[in-house]
Amino acid sequence: MRLPGDWCSEASIWQLVESCGYSADLEAWHDLARNSRTGVLDLGCGIGRVAHDLARSGIPVTGIDLDAGIVADFNRLSPEPGTRALAGDAADPELPGGHFDRIIAPQQLLQILGGRQHREALITATASRLTAGGVAAFAFSEELPAESVEPVLMPDLREVETWIYSSRPVRLEAGPDSVTVHRLRQRVSPDGELVETRDRTTLARLTRDELADELIAAGLGPSGWIEVPATDLHVASVIAIAGPVG
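Mapping of the sequence shown onto the numbering used here: residues 87 to 332, in sequence order.
Source of the hints: derived by calculation from the structure; they are not laboratory data.
Among the hints, a few may not be true.
[Stated by the list, open to error] Ranges of calculated distance between the beta carbons of each label pair, as one might list FRET restraints:
| no. | residue 1 | residue 2 | range |
| --- | --- | --- | --- |
| 1 | G184 | N121 | 14 to 20 Å |
| 2 | G278 | M240 | 21 to 27 Å |
| 3 | G201 | G307 | 20 to 26 Å |
From the three backbone atoms N, C-alpha and C, an ideal C-beta is built for every residue, glycine too.
Working from the sequences, and respecting the hints, build out all of it.
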């Protein structure tokens, strides 16, 4: 599939379209990262929505993402030489990268992993990488709809090197343990070719009490919650703050 410019992965472009316009949580991540001595580890970094914003403020960041193409685009777009991404599973405790005094998991990473078992593996691996006195922070949303709905929303739109990309949520499918977001994706090439695809992302339901129990089981003590308000296009979220116990 032909991609615009030097992009390595179409998944990167859709992240740019659907996520990179969101900024309501950036102030919180800056506050958490400000006094880091080791630099920040960004779990599920994507193309760098949070990591690159921190890097522009002089904070070194190492990112981890499963998708090698996305990692390549992260590194290509990186604003600072000291900021890099590694391809791998953030839940793998053997993944190289070192130890950090700030580890962050922005934008509902915990809820898209595929359930409690995968979430607990990520939290345990995070605890093993966190230095004494360090801080781990995990974003999630408690405000998932109880019933299925077909929302009427404006699409996310972005021009990428004369290509036009559009993405619109068309259905939120509610289940007892999760909500699946169905999106209609459209892209128009410079010569006018329209391609439509469908995408879906499933978010596991998660409460503060459940997450607190999982953090404690991994040796992390919950120390606070940061409220991130809703925007016109995004639901409210919560950032759980935790550190090593003992």
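Each hint tested on the structure:
At about 18 Å, the CB distance of G184 to N121 agrees with the hint of 14 to 20 Å. Distance hint for G278 and M240: a CB-CB separation of about 23 Å, consistent with the stated range 21 to 27 Å. A hinted range of 20 to 26 Å for the beta carbons of G201 and G307 is consistent with their spacing of about 24 Å.
Violated hints: none; the structure is consistent with every hint.
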